[in-house]
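With the sequences and hints as input, model every part of the structure.
Here are the chains, one letter per residue:
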Amino acid sequence: MNTEVLIVDNGGANIASIAFALARLKRCVRVSSDAQDVMDASHVILPGVGSAGPAMARLQRRGLDIALRARTRPVLGICLGMQLLFEHSAESDSACLGTLQGRVERLPTAPGIYVPHMGWNQLHWLSPHPLFEGIPLGSHAYFVHSYAAGIGPYTTARCEHGMAFSAAVSRQQWHGVQFHPERSGALGARILQNFLAMAA
Amino acid sequence: MRFRDHQRVGDILKLAARYREAGADELVFYDITASPNGRTVDRGWIHQVGALLDIPFCVAGGIRCIADAEAVLSAGAEKISINSPALAHPDLIDQLAARFGSQCVVVGIDSDTTQVNGLPHYRVHQYTGDPTRSRPSGRDTLSWIQEAIARGAGEIVLNCMRHDGVREGFDLPQLQAARALCTVPLVASGGAGSVRHFEDVFCNAHVDGALAASVFHSGEIDIPSLKQHLIHAGVEIRP
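Protein chains in written order, with the numbering used here: chain H, 1 to 200; chain X, 1 to 239.
Derived from the structure by calculation, the hints contain no laboratory data. Keep in mind it's a predicted model, so treat the numbers as computed, not measured. Among the hints, a few may not be true.
Derived coverage of chain H by chain X (criterion: at least 3 residues anywhere in the stretch with Cβ under 8 Å from a Cβ of chain X; other residues may be distant) [said to hold, decoys possible]:
1. 18-26
2. 34-44
3. 113-121
4. 135-148
A few chain X residues facing chain H, derived, Cβ under 8 Å [said to hold, decoys possible]:
5. G50
6. I55
7. F100
8. G101
9. G154
10. T183
11. C203
12. D208
Subject to a maximum C-alpha distance of 20 Å in a straight line, what follows is the list of computed SDA-like cross-link-like pairs (lysine to any residue) [to be verified]:
13. X:K227 <-> H:Q122
14. X:K14 <-> H:A186
15. H:K26 <-> X:Q48
16. X:K227 <-> H:G138
17. H:K26 <-> X:A51
18. X:K227 <-> H:A186
19. X:K14 <-> H:G138
20. H:K26 <-> X:A17
21. X:K14 <-> X:A213
22. H:K26 <-> X:H47
The beta carbon of each residue, even a glycine, is placed where N, CA and C say it ideally should be.
Right, dumping it as structure tokens:
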């Protein structure tokens, strides 16, 4: 049984930064686009930069959508990777993995609110969760996105940008963060560490 | 950070670590000599910076095609910033945004100010990295900002040339004019000389970020005290 942390290679541009972040935590990292690897790894990280439609198509081409859905051990979606855990994204009107109920919508623009939402923003907790152990309320995380999931039953952290949205979600083995832990300084490192500490 | 050759990779890494420790929110690495000489940045250092930094960073200089951008992003950079190549081939913005998403694509603009009938007129310059080649591009700054956004730019860095290096404050009128029509994050560049200048540009031009180099390199402005000052002034930033 593979006990390595696996980053799903879905052609996204942020794979290197996530691998670097895990290397800083002295973790063995494997990057793979093989369905069997994705099923076997103890912890899987699903990154994603780009847009939902092409990202889902790439997963499906390699059977990775099926491998991900079949997992019973921890999965962490980052940014677009988190959005892909939901049922649907308004971005290119795409069906997603559906491991979490709900839809991903485009962030609204408003006077003084610009999209993409890029930069550091504060996290407001709604519920305590092991993923956020040791993280003080009101910490800043680094966001880069134009689409987001609203507040729902799986929301574990909340952020605001024109609307309240899910900064993080969790249901059973499925976890997602809308921000980039790999670029969120000490806060991000702690969240990755917390994820890797989850029982597999 | 402005640099030219590999000998200074050690310096780049030291500076990057220093700014990360000091609490910088984002770093931008400029190779200002890349475009005029028709070459691209040497990318070995990007990997090293990517491995070191846990805050976002952007790389600017000589990115002329999808492959250039891919190499930079896959080495760990969050964003690529394009300037002269976008002026020569505006379609590059569309291509990069379609391939990598707007959030990766920063358009940098060097803007000069002239007076026309007593009113300021803002004009885009290109090849500003080489004083012998720097010249007006024939484009109006405000319309270029709008075009860049329409083509898919996810962020605009507006460098106000008349203020650059003078340290007498950011160009508030120009940045306000840009802010009025810029629907993506806007970063002010050029003119930072004191903490007060940062407060002014956030409070009066409502920019999303303020970029500076020399005042930080020289140690004249210390990032933790700058952040304290801004928080006191009511600017919402990461402490």
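Results for each hint:
no. : hint              : result
1   : 18-26             : holds (count 4)
2   : 34-44             : violated (count 0)
3   : 113-121           : holds (count 6)
4   : 135-148           : holds (count 5)
5   : G50               : holds (5 Å)
6   : I55               : holds (6 Å)
7   : F100              : holds (6 Å)
8   : G101              : holds (5 Å)
9   : G154              : holds (5 Å)
10  : T183              : holds (6 Å)
11  : C203              : violated (13 Å)
12  : D208              : holds (6 Å)
13  : X:K227 <-> H:Q122 : holds (16 Å)
14  : X:K14 <-> H:A186  : holds (19 Å)
15  : H:K26 <-> X:Q48   : holds (16 Å)
16  : X:K227 <-> H:G138 : holds (17 Å)
17  : H:K26 <-> X:A51   : holds (12 Å)
18  : X:K227 <-> H:A186 : holds (18 Å)
19  : X:K14 <-> H:G138  : violated (30 Å)
20  : H:K26 <-> X:A17   : holds (19 Å)
21  : X:K14 <-> X:A213  : holds (15 Å)
22  : H:K26 <-> X:H47   : holds (17 Å)
Taken one by one, the earlier hints fail for this structure at numbers 2, 11, 19, listed in ascending order.
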